[in-house]
Each structure stands twice: as C-alpha cells, then as structure tokens.
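S.K.: So the chains spell out like this:
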Amino acid sequence: MPSVQPRTQVHDVLVIGSGAGGATVAHVLTGLGIHVTLLEAGPMLDPLAEFKEHRWPYDYDHRGAEEGGRRYFGDGKPFGFFTTTSGGWELDGEPYTVADDTEDFWWFRSRIVGGRTNHYGRISLRFSDYDFKPRDRDGLGWNWPIDYEDIAPYYDKAETFIGVVGSQEGIRSAPDGIFHDPPPPKAHELLIERASRRMGIPCIPNRRAVITRSINGRPACHYCGQCGRGCVSGANYSASQTQIFPALETGRLEVIDLAMARAITTDESGKVDGVVYVDKRTGQERRVRCRVLVLAASACESARLLLNSKTAEHSDGVANSSGVVGRYLMDTVGFDIGGTVPALEGLPRYNSDGAGGAHLYMPWWGWERQEALGFPRGYHIEIGGGYGMPGVGSFAGSARRAGYGTAIKEQARRDYGARVSFAGRGEMIPNEGSFCEIDPDVVDRHGIPVLRFHFQWSDHERRQARHMRETFRELITLMGGEPQSPGRRDASGISIGGSIIHEVGTARMGNDPGTSALNGFCQAHDPRNLFVCDAASFVSNPDKNPTLTINALAWRASEYLAEAMRSGEL
Amino acid sequence: MGPDIVMTAGENRIPRREVLRQLALALTAAGAGAFNVEAARVVHALAGEARAQAGGYSPVALDAHQFLTVARLAELIVPADEGGGSAVDAGAPEFIDLLCSQNSDLLRTYADGLAWLDAATRRAHDRTFVEASDAQQRELLDGLVAAERGESGSTDLRAGVGFFNWIRMMTVDAYYTSPIGIADVGFRGNRTLGAYQTPREAIEFVTRRADGLGL
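In order, the protein sequences belong to chains S and Y. The first sequence begins at 1 in my numbering and counts up by one. The second sequence begins at 571 in my numbering and counts up by one.
Everything labelled a hint here was simulated from the structure, so no lab data went into it. Take the hints with a grain of salt, since some may be wrong.
[Unchecked claim] 20 Å max Cα-Cα, derived SDA-like pairs, lysine to any residue: (1) S:LYS52 with Y:ASP688; (2) S:LYS77 with Y:GLN672; (3) S:LYS52 with Y:THR762; (4) S:LYS52 with Y:GLN767; (5) S:LYS52 with Y:LEU783.
[Unchecked claim] Over 12 Å on every C-beta distance to chain Y, these chain S residues come out as not near it, computed from the model: (6) ASP12; (7) GLY33; (8) MET44; (9) ARG71; (10) PRO246; (11) THR265; (12) LYS271; (13) ALA312; (14) SER398; (15) VAL442.
By construction, the Cβ of each residue, glycine as well, lies at the ideal position given by its N, Cα and C atoms.
This is chain S alone, in the form it adopts within the complex (with noise of 0.2 Å):
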C-alpha cells in the first residue's frame, strides 16, 4: 500500500524494538487503550511455518548438519540448525567492530518479531533485595535509584502474565515470586542434588517462563522439552507470541516490521519528535513522527542509536548530556564444565524431556560470606544432563573414545544420560574499560555508523569464575564423574564477552543527570518523551539473567508512561 498517510500524522507511542522490552510496552500499554506503532529491524514471525518443534533429525536429508554440512565447519545456525528463527553472531551487511584494546567481543543480534526471546532459556530470576545497593555491600560499582520493593509489584505482574514455573524456597539471593508448579526433578538432577547438598549448596526447582495450567488461552506445557525450538501451542513465554500478537489483537498496535532505526529526531525545544528508518523492503528512508518514543532495539543497538542521532540540542547524542551512554557495558561471567558420571551408566532409560531446560538449579549461596570467598557478587549454577534428542555431534566423543566397529556403539550406549554439565552465571562490576562507541569508519549496509566495542575483564571476575571451576569440578568428583576441561574460553577461563548475551547497562538509571541516562522509570533525564526499556538502563548487571528485569522495569516505565500522558505531562 502507497504511503497514504498525511505528513503530520504523531502517532501516540513509537517503540523500537519487539523483544522482552518492547513487547511488554506494547502489551501493557494497548491494555491501557494507549495506541502503539512499533518498529521491527527484522521481518513478522510465523511461528507454524518456522518453529521446528517435534521434528526429527531425519525428517531432514541434511540430518541437522545443514546444508553442505555447514555445522561442521563451524558456519551452521548459532545453537544448532532446529533453534528457532532469531538472529545470530554476524548478519549479513550489518557489522560492528572491537576495539584494538578488547581480545573479544560477541554481539548476538535478532532481527525478528520477538527479538531473542524466541530462543532464549527463558530462565527467569528476580533481582535480590541487595542486587539493587550493590555499592553499599562492597564499595564497587554503583546503586541503582530504585529499590526491590519499587520493582517487586511489577516482577509479580511480570510473573502471573507470562507464566513462570518456581517454588517458594526463602532464599535472599534469589526473591519467591507468583510461580506455576514446577516439574520434578529428573533422576540425574537427583544425583546433582545430593551433591550439591553435600558442599552446601541449595540446589531447588528451576524457575523457567514456562506454564505447567493453561493461563490467557495458552495450553499448560506439553513436556517435549523444545523450548528454544520456538513452541508453537505456546505454552513458553517469548515476546512475539505471548505479546505481540495479543497486543495486534487489540487493534492498537501497528507493528512496521523490517524498519531499521537510523536516528532519532528532536524539535527545536530538544524534545524527540521522530524517528527516522530504513525501510528494508525498498531501501527507502522513511520518517515517522511522535508523541512518545520508546526505545527497545536492545542494551547495545539502543545506545548505538541515541549515539547517531546527533542534533543541535543534543551534539553527543541524544539523551546524552552525561557521556554514560554506550559506558559501563556489561555481559554475564560464562563459565562451563561438563563430565561423564559413571554412576549415572546404566540408568533405566526414560523420557527426561521435560518442561525445556533444567528442572533445578543452585541459587547463590555465598551472599554472607563475599569476603572470605575473595571475589565480590555471586553466580547461580545452571545444570544440564539427561537423554537428550541424538543429533549432529551428540555421539562425536563417543567414537572418538572407542576407535571403530562395534565399540562406538558400546561406548555410546554408555556415555548417553552419562554427562552431566555445570554453566555459572556470575555478576561482572561495570568498568570503565568495557563499554561501545560508534566506529567513525564504518557503517553497515544502510549506511548507518557501528557500533565499536571495548570490553575487559577484571580480576574480580576472573577470581569468580576460578570459585566457579573449583565448585563444579568438586561436584562433578563428588558423583564420581571426571571433569572434563572447558573448551573455547580465554586463558582465565572466563566466557568471551558478550558470548553469554546478556549484554546490559549502556543507558544506565541514576538519580543525577550528570552520570546517568535515564530516571528510575527508564524516562531519558532530557529529553523526557524519551524511554529506554531494555537492559540498557541496568546499573548493574546481577547473577540473575536480565530478562524478566527487563519485563519488569519496562511494565513499571508503561504504567508511569500511560499516567503521564493522561495528565498531560507528556
């Protein structure tokens, strides 16, 4: 359809962006009677045609190997060939750049309806009471302007909207929600479990965005365990699915898919009057114009937008006068150790599928402690095991060990439901080190600028992931089993960062428009018609995995939004 519509239409609210953010946006506010015109850098989602759940890998020639056996030279699908549709490491005509001083940096990146929540592990952890002053525990870092009990009400909105399996537990590191039942524990999580008790470790069921009774017309969990396959009943939360398309339903939302952001537009008062896009279908430039704009592209893609929109009122970049914006970026401390439990060969086989993902998981537990353990902040232990679907790889060790012949069958019949793996997810303290700017050579295929990254490590995160090798090869030795050394990982074995994608913090809150972006309502500080409702306004970036903070912080910033363009205000 041509452009019918008149020059001066402004639309009430603009979100840029279709993931945890901007979904939720999207959702609370079309409840709220507020209409919504959304931008998508990818194209709309259609989860019959592309979720691959229940497949087998021989319903493919290529085996899940990918065509020309892509998987094996390392160029298939990020997460295999069955992942769902998201995005990935590199895009084609879309670089960014790392910075002489960085070893690594990794940005995974969707360009799709639901942005990475269609893939990701949906495990879903409420901030701690003290994840919000962490500069009042140790000195590091910064406070958040907001406490627990200011997010709280919205965690449990969060929650009982998007369905989240859980137990009340009364651990402080890690807060009791509004939970659906949890599944119970598979047998090798037993085992894990008496070990994990062992070294004083709470060891308790998994909180995951998934629903075990059917909530808002979505079916309780079937337990094929495909989660990341993309779930076409969808019984797991993903923001295309769960969201979006209620939030289209309502008649206020207009999503604009394959619209790639170049730059925000301001007024002569400095305020936001507009954005300015790509049209990827015909490569035209569009504009269009607002009232409110909401940005939700993600931590790095929103600061790599406010810092291209350079106007007379805002010469550093929109939303910019402090400099924060792109700083203090920060990913999640990965590391990951697996071995083969010879107590587990021979366990009777069963169908562990299960709700995807664990059933349990080990909270922080060294809160009281920090000194003693000589690294500040804590990591939580994510546990994998169990029969999973054979596919491309699964066995690979396997002949490895046994040569040829009759033996790799042996062998793998022993080795399947045999491993078991431990991942730590480990608070990093934001430094100055690490942060993105825009690259003044280089611009990607819309001729828009890139981000460069910077990125460091620091010691306090490298004596964490050291507790982290020690705790999990203690685990792995209390079953029994034989620690096997982790793979692709820098000499101190830390994950390389971005690799965990939990990028956050490069439009940090504050109380002081001086050091921060943003207010505790993810409201720009200047102009203030301007929002940031990704994990760019996180001051710091806790064991918890950033997303239901995200839905959160931005289902407390749409409320906030709503009753300021109700009174006017904006």
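We have chain S already, so just place chain Y on it with the hints.
M.R.: Just chain Y now, with coordinates in the frame of chain S:
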C-alpha cells in the same frame, strides 16, 4: 537394506565379495591393465546393484567406486549388532554423498581421502580398499586409530587420520540421527505429555548410586 552389497555380514553377500577378490587376484596375475578394466567393470556392476538395493539411490557427488568405498567404511565404523542395524542401514553413504554434492570442500576431502585410502591399501596389499579382505581393511583402520592416538610411528598413516575423522564423524552422525540409531541409544522423548514424571525405577536407581557414593 543399504547399498553395501559387497561387504555386509549378510551371508548371501559374502560369496560375492569372494568372487570379486578371486576375480581381482586372477586379473592381477593377468596383468595390470587388464586388471583395472575388469575390476572397474565388476565394481560398476556392483554399484548398479547397490543403487537398486538402496531404493534407487544414485550417488550425485561421489562416483560409484567412491560410494562403494564410503559404504564399506560406514559398515566398518558402525556395524550392525544386536542393538541395531549398521550406519549403511541408517543411510550414512547417502548422507555423505548429499552433503558432498552441496560442498566442494567436503567433496575434495572425500575424494582425496578415498584416493589416499586406496593408495595405502594398494601399497600394503596390491588392491583397492573395497577389494581387500575384511582382515586387511580392519588392519588399515586399526593403524589409523593407533596413529590418531599417537600410538603409531607411521607418518604414512597419520596422513589418513584427518579423512578417517571426517568419515567417522559423519557416519556416526548419520547413524544416531536415524530412527535405528535413536532407538539404539534408547531415546524415549519428543512426545506430547499431559504431565511429566520421572519413573520410580529411575529414581530408585539414582538413589542407590548416590548412597553408594556416600552422598
């Protein structure tokens, strides 16, 4: 059944391999040129039969001899046993041929690797790999495994380890991504359930093991 007419454990096929070997030996005695032509004719005939056996599958990237050699290797790497069929039954040769048809680097890896294998077998036994006896074929693979593990001083064999790794990896993948391989390891999932339960016998097993470990 798969296309491995010459080589499987099926009794009705053993004589065929014997025929080929006797033929090859006889032709060797008759002179190198005659041997090549005759052996090629026999292999071609057998490959035609292989296509029939495989439900009409015609290799699209590998030639008939290469495809037969891949099939024999797949049979040796993942043979049939009481737990399931072989990698050939699981479609490994077709899988490998398909991916080679889509990737010239991979095809070169196979073409070079299979040529190396035939050359190595010729040096040792004066015949191609598929013409060699079962024992001779296993001797070669044993050497490759030893070289892979650093237990062999033969630099000649080390050159073949890279290819052996490729075909083993892809053969094993083809087997365990097939219905028979998935059944072999006992995967019970990919179903739609009304509720999730860990079976009592699995819980009891793990509890006993935990007790045994003193946990």
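S.K.: Evaluate each hint against the coordinates.
M.R.: Hints, one by one, checked against the model:
no. : hint                  : result
1   : S:LYS52 with Y:ASP688 : violated (41 Å)
2   : S:LYS77 with Y:GLN672 : holds (17 Å)
3   : S:LYS52 with Y:THR762 : holds (15 Å)
4   : S:LYS52 with Y:GLN767 : violated (25 Å)
5   : S:LYS52 with Y:LEU783 : violated (40 Å)
6   : ASP12                 : holds (42 Å)
7   : GLY33                 : holds (38 Å)
8   : MET44                 : holds (27 Å)
9   : ARG71                 : violated (9 Å)
10  : PRO246                : holds (24 Å)
11  : THR265                : holds (47 Å)
12  : LYS271                : holds (52 Å)
13  : ALA312                : holds (54 Å)
14  : SER398                : violated (8 Å)
15  : VAL442                : holds (29 Å)
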